[in-house]
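Using UniProt numbering, the first residue of the sequence shown is number 1, and each one after it goes up by one.
A few of these clues could be false.
What the hints assert, rightly or not - If you anchor each label on the Cβ, the simulated ranges turn out as follows:
1. Ile236 - Arg277: 27 to 35 Å
2. Asp257 - Gly187: 20 to 28 Å
3. Gly198 - Arg283: 15 to 23 Å
4. Glu27 - Thr230: 32 to 40 Å
Honestly, the hints are just simulated from the structure, not real lab data.
In this text, all values refer to a predicted model and were calculated from it rather than measured experimentally.
Just so it is clear, CB atoms sit at the ideal spot from N, CA and C, and this is done for glycine as well.
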Amino acid sequence: MPHPATITQEPGAPIAPHLRRLLEFTEPAGDDVCLDVARGAGPMPAALGPQVRHVTAVDALPRRSVGRGGGRMSTVMFGTGPVRIAGELEPHGPPARGHDHSGGADGHAARRGSAVTAHDGDLPRPSLEEIAAHHRGTPDPVRVRADATALPYRDGSFSLVTTRFALFTLGDPQRVLRELLRVCRPGGRLIIADLVRGNLAQPDRDRIERLRDPDHPGTPSIAAITELITSAGASIRRLDVFTVERPLEPWLAGARDPRAADRIRAALLDEIDGGPRTGAKPRLIGGELWFTQSWAHVAAEPI
1 MPHPATITQE PGAPIAPHLR RLLEFTEPAG DDVCLDVARG AGPMPAALGP QVRHVTAVDA
61 LPRRSVGRGG GRMSTVMFGT GPVRIAGELE PHGPPARGHD HSGGADGHAA RRGSAVTAHD
121 GDLPRPSLEE IAAHHRGTPD PVRVRADATA LPYRDGSFSL VTTRFALFTL GDPQRVLREL
181 LRVCRPGGRL IIADLVRGNL AQPDRDRIER LRDPDHPGTP SIAAITELIT SAGASIRRLD
241 VFTVERPLEP WLAGARDPRA ADRIRAALLD EIDGGPRTGA KPRLIGGELW FTQSWAHVAA
301 EPI
């Protein structure tokens, strides 16, 4: 069962405990030049910014998803007591329709003076030193629109590469991983955060994920995700797996079809009453329906 958590205050903004856990796992250093590759806009660039030399944020949201209102939802916030998530960021899920989570019609990046467009693949790719020198002192992360399988950077351009709840939604995971490792310099770190299931767990849990989002790619087992990383050409240095319990209704707000949301709700209530297991471990807390997910943090290094 998840431990109680409270919001940790940081200068300028609160950082949720789950994000603090990921930051501590990442171990950012003052001389790191970082790349975050996300499905839309995520919280990592802003969280890493004060602790590293420079951050570049790549929005690699597949173009087929842009028309759905695209991008990830706002940062997960944990309250006291059992882990609570409000203002949710949805792993592998679409945001609620009609809500622009990028910060307006042109997105959050368009309002920033440091925003840039994706580089043309035929242009010279900047080195780590050139990236850091050009953007040193930039108050906000540089934001780039690019394909996660063809990043516009030279080999070994970054000392720290991160991707959070995006690896399996940005294209072929093997190709995405190889590209993330290509731009990570020797001795650098690749940090992956994603949903997982136990090695012995049945894939039934994905049934409700796909009811909510038909494009859900399936939740990998811990063994599958580690094998994927090593086969892409990396060695795994550290692994952190933990359970998050969250209220159902904010998560269901992202369902494409209200009828699918009703089916998920009914299946979880039926399980509480002794019906078939869904793998979501639902329970009622104060009259509110909650369910669980397993998250993993993996630290890898290019071989």
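task: Starting from the hint list further up, note which numbers the structure goes against and sort them upward.
output: 2 and 4
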